[in-house]
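One-letter residues, chain by chain:
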Amino acid sequence: MRMTLSEIAQLINGELHGAGDVLISGPAKIEEAGDGEISFISSKKYKHFLDSTRAAALIVDQEYDNLKTPHIRVKDAYVGFLYVLKAYAPEKTHSFEGISPKAHIEKSATIGEDCAIAPLVFVGENCRIGKRCVLHPGVVLSGHVTVGDDCILYPNVSVRENCVIGNRVIIHNGSVIGSDGFGFAPQKDKYIKIPQIGHVVIGDDVELGANVTIDRATMGTTVIEKGVKLDNLVQVAHNCIIGAHTVIAAQSGVAGSTKVGRHVTVAGQVGINGHITVGDNNIIGAKSGVTKSTKNDEILLGMPAVPMMQKKRIDVSLKHLPDTMKKINNLENEIIELRELIEKIHGR
Amino acid sequence: MRMTLSEIAQLINGELHGAGDVLISGPAKIEEAGDGEISFISSKKYKHFLDSTRAAALIVDQEYDNLKTPHIRVKDAYVGFLYVLKAYAPEKTHSFEGISPKAHIEKSATIGEDCAIAPLVFVGENCRIGKRCVLHPGVVLSGHVTVGDDCILYPNVSVRENCVIGNRVIIHNGSVIGSDGFGFAPQKDKYIKIPQIGHVVIGDDVELGANVTIDRATMGTTVIEKGVKLDNLVQVAHNCIIGAHTVIAAQSGVAGSTKVGRHVTVAGQVGINGHITVGDNNIIGAKSGVTKSTKNDEILLGMPAVPMMQKKRIDVSLKHLPDTMKKINNLENEIIELRELIEKIHGR
Amino acid sequence: MRMTLSEIAQLINGELHGAGDVLISGPAKIEEAGDGEISFISSKKYKHFLDSTRAAALIVDQEYDNLKTPHIRVKDAYVGFLYVLKAYAPEKTHSFEGISPKAHIEKSATIGEDCAIAPLVFVGENCRIGKRCVLHPGVVLSGHVTVGDDCILYPNVSVRENCVIGNRVIIHNGSVIGSDGFGFAPQKDKYIKIPQIGHVVIGDDVELGANVTIDRATMGTTVIEKGVKLDNLVQVAHNCIIGAHTVIAAQSGVAGSTKVGRHVTVAGQVGINGHITVGDNNIIGAKSGVTKSTKNDEILLGMPAVPMMQKKRIDVSLKHLPDTMKKINNLENEIIELRELIEKIHGR
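Chains as they are written, first to last, in this note's numbering: chain A, 1 to 348; chain B, 1 to 348; chain C, 1 to 348.
Simulated from the structure, these hints should not be mistaken for laboratory data.
Treat the hints with care, since some could be wrong.
Because identical chains cannot be distinguished in the list, a pair is counted as satisfied if it fits within a single copy or across any two copies.
[Unchecked claim] With a cut-off of at most 30 Å between alpha-carbon atoms, the simulated BS3-like pairs for lysine-lysine come out as follows:
1. Lys86 - Lys44
2. Lys295 - Lys47
3. Lys327 - Lys312
4. Lys86 - Lys45
5. Lys75 - Lys190
6. Lys68 - Lys92
7. Lys312 - Lys193
8. Lys107 - Lys295
9. Lys295 - Lys45
10. Lys292 - Lys45
11. Lys326 - Lys131
12. Lys29 - Lys68
13. Lys107 - Lys44
Keep in mind that this is a model prediction, so the values were computed, not measured.
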């Protein structure tokens, strides 16, 4: 797809400066953009690229003028660029259409209008799939799974029985929804399995990365509320509730029965303990271990997690710790010396 | 399914108090149970729900009496409830039966009685599958795989050639058994692959979570002994031995050639070094890094892991560390001051 | 397969000592080798097995003589043994041949000579697969994927549209190439998805473990350079570049837009921050968190990562920290006492 620069200016409602008939082949990063490509400058950090960029055109904030490169001025260059990115993104990334005769669909399943069900998909009994969903090859929906409208399930996603997925949900390759919770009752010398008869409910506009795992509840429901975004290899245990619009980065995990608040930001490789509550709007730094419940609006770091500023002070102190240990030994010696001196004086 | 309360009392061998003809639709958590649902009180922590619960019936320990809710008294309410949970769990969660003509089964494979092999399953040459196994869609057994009786392999589980799986083994979606060990010999400027010609043997009554990875041995066998339970996204490297009835929580990993003892409890996001031995009955706290071999019955925490009580004392000290650093500076100054004072006195 | 000891001596260009007609059934570890098996002694650590080993034959370095076991002397016993391992490794581990009629291949796809495409494989439109590739069951290539020659894609590997895979690449079960980068623009009370229109390029001789995830670039390319080896469950985020011959152990992750140098060694469960550069030849210890850019040849450990020797000194200090805290309290008291004493003297 190609648009002219003036078409793009119109699309993002911006002010065109320079030749509007330049043909734009696609968006690119400022340091990589070349012939026919459009980029953007939003952060001051990238301003120094203005002179050297080989981009055919730029989207910039309103403060920029006198640029030699043809450009479009908008209120927020970053948002403007997002719309361009969206315009140039392929509308669909699959070639299959309708319901492939090579998919296995149980007769009791219902599939909404305009779905694309690939070859090698399995849809179990009594599944209900909404409109305009795309199920890529290798997707497996066990029985009684409900999927809303406009969902994309990428290759090899599998959803266990009775789970419910909202509208406009995107699940990336290999992710697993509704596997059994990790529950075993110790009994003398072995464990007996606690049946996991609950399920998982995923809200609207959720996006799950690749190879994510979300366990079904022991009883009741593991809940991923609307707008949540989970990155690759994230683990959510049985009976958790992840609050609306919370974002969790790759390889983090939430242990069983924990409630994470809304609008929480969790960085990568974080662990959150079971049976606790994480407040709304928390920010949890990378590799932290949240061991106990938190209030709203906390910013935490470390294992165990403490307020981020405290952790950073601790880290600075830690760097000096080996030297400090020596210093303390010196102090001890000095005190002994002083004591001897005093006793000498005292004895006079 | 529905049972009356007196049927449940009989099932769990308990003492019925109240109307035995109440129809119970299923089990639920004490705080969520409502019309027609049964719950339980075992821990004192939940005792305060006794008055407010809307459960139709309760299972309680023998010490409880004078409850207004119909209830069953048993020696161990938790265990009693487990049996109810089991009774209400669906007997099977799949609709496919027998060997689907849409599965691909190599001619040399043998499949025991009463198995359910779903569409889109691949069973390679010379595989031997026991009785009453359930292979969900997307399961792939490469050649020469042996599976015991009564196993459940959930969707998209794959098992590489020559691996052996015991009886009553449950493997959740997307897990991988027998991928190559991570072995490369450095050679000048690159690595050459060390062929991984061993395999994996999984004992009876093992349960593996979703997206688990267990590598085959370089030579010989990676062993998961009987009764082991691994949570989602756990990694077991080549030539490891995981001892019987050991439990490992999500996102933990064991590096190559390590032997983990029996009845070990490993929390989430733990790393265990390669070529070491972890003693029996160890308990390893979350996010720990076990760097060297341990004795039996150790309780460890931290990276590097140290005895848990020691780690907790260190953590308390760490919180005060920045203040302590200031204190030490003060001490230094005080000593200088004292020395001056003494010298003044001394000089008199 | 079986070879005689003299055939093996010829294969590895070594000096035969003892009966050359011994039939060798396969290689084994020194402590496990038995009847008909060959092992090796390279490290001094294993020398004590020389007397007790039940191996039928040994490969040893040139310094060894007077062994009672038949043996082959070579310059480097370890390398010699690798060749034996290779000779005994099965040439292929799959029974399918050619293009299975049960695979789904889009008409516009091209597949090179001598490929083995299993049943239940999906190859999307305009894919180009080189010669002698093996695609195991459950492999899904979305549209416009390019795969070089001599690649092995194990069961349930999936590759999203437009990704490019080099020659002699091995990808283990369940790994995902080209899932969307984790990019969302905050907008008032929710996030909007940043389209991820880039792709992934994987160089020659790369090996990826099981359930690995590599995200496509937002724009441009996520690059895995030649010879890189990634272990199981490793995460590589959008727009990363992993330098040639870098090795990353299990469960480690690299955040977005980071450039990891060449010949870097990353241990398990490491996290590397986004938008930084890790120098060539770095060694990053297990569970470290690399928070900022590093120079070439650094050896780092800890979270935040610091030079490994510094971290080890800090760890030693930490062990003593609780005692040190007490010591400091004692020092404080001693100083108070000394001050009183001095004042008493001073007051005389």
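Hints, verified against the model:
1. Taking identical chains as interchangeable, the C-alpha atoms of Lys86 and Lys44 lie at most 30 Å apart only when both belong to the same chain, with a minimum of 24 Å there against 56 Å between chains.
2. Proximity of Lys295 to Lys47 under the C-alpha cut-off of 30 Å is restricted to the inter-copy arrangement: shortest distance 26 Å between copies versus 39 Å within a copy.
3. Taking the shortest Cα distances, Lys327 and Lys312 sit within 30 Å of each other both inside one copy (22 Å) and across copies (18 Å).
4. In this assembly of identical chains, Lys86 and Lys45 lie within 30 Å of each other by CA distance solely inside one copy; the values are 24 Å within and 52 Å between copies.
5. Proximity of Lys75 to Lys190 under the C-alpha cut-off of 30 Å is restricted to the inter-copy arrangement: shortest distance 20 Å between copies versus 64 Å within a copy.
6. For a Cα distance limit of 30 Å, the shortest separation of Lys68 from Lys92 qualifies neither inside one copy, at 36 Å, nor across copies, at 60 Å.
7. In this homomeric assembly, Lys312 and Lys193 never come within 30 Å of each other (Cα to Cα): the closest approach is 43 Å inside a single copy and 32 Å across copies.
8. With identical chains, the CA atoms of Lys107 and Lys295 are never at most 30 Å apart, being 49 Å at best within one copy and 57 Å at best between copies.
9. Within a single copy, Lys295 and Lys45 get their C-alpha atoms only as close as 34 Å, which misses the 30 Å cut-off; across copies the closest is 22 Å, which meets it.
10. Proximity of Lys292 and Lys45 under a CA criterion of 30 Å is satisfied inter-copy only: 17 Å between copies versus 38 Å inside one chain copy.
11. Proximity of Lys326 to Lys131 under the C-alpha cut-off of 30 Å is found in neither arrangement, the shortest distances being 70 Å within a copy and 65 Å between copies.
12. Taking the closest pair of Cα atoms, Lys29 and Lys68 come within 30 Å of each other only inside a single copy of the chain (18 Å); across copies the shortest separation is 67 Å, beyond that limit.
13. In this homomeric assembly, Lys107 and Lys44 never come within 30 Å of each other (Cα to Cα): the closest approach is 58 Å inside a single copy and 49 Å across copies.
In summary, the structure is inconsistent with hints 6, 7, 8, 11, 13 from the numbered list given earlier, while agreeing with the others.
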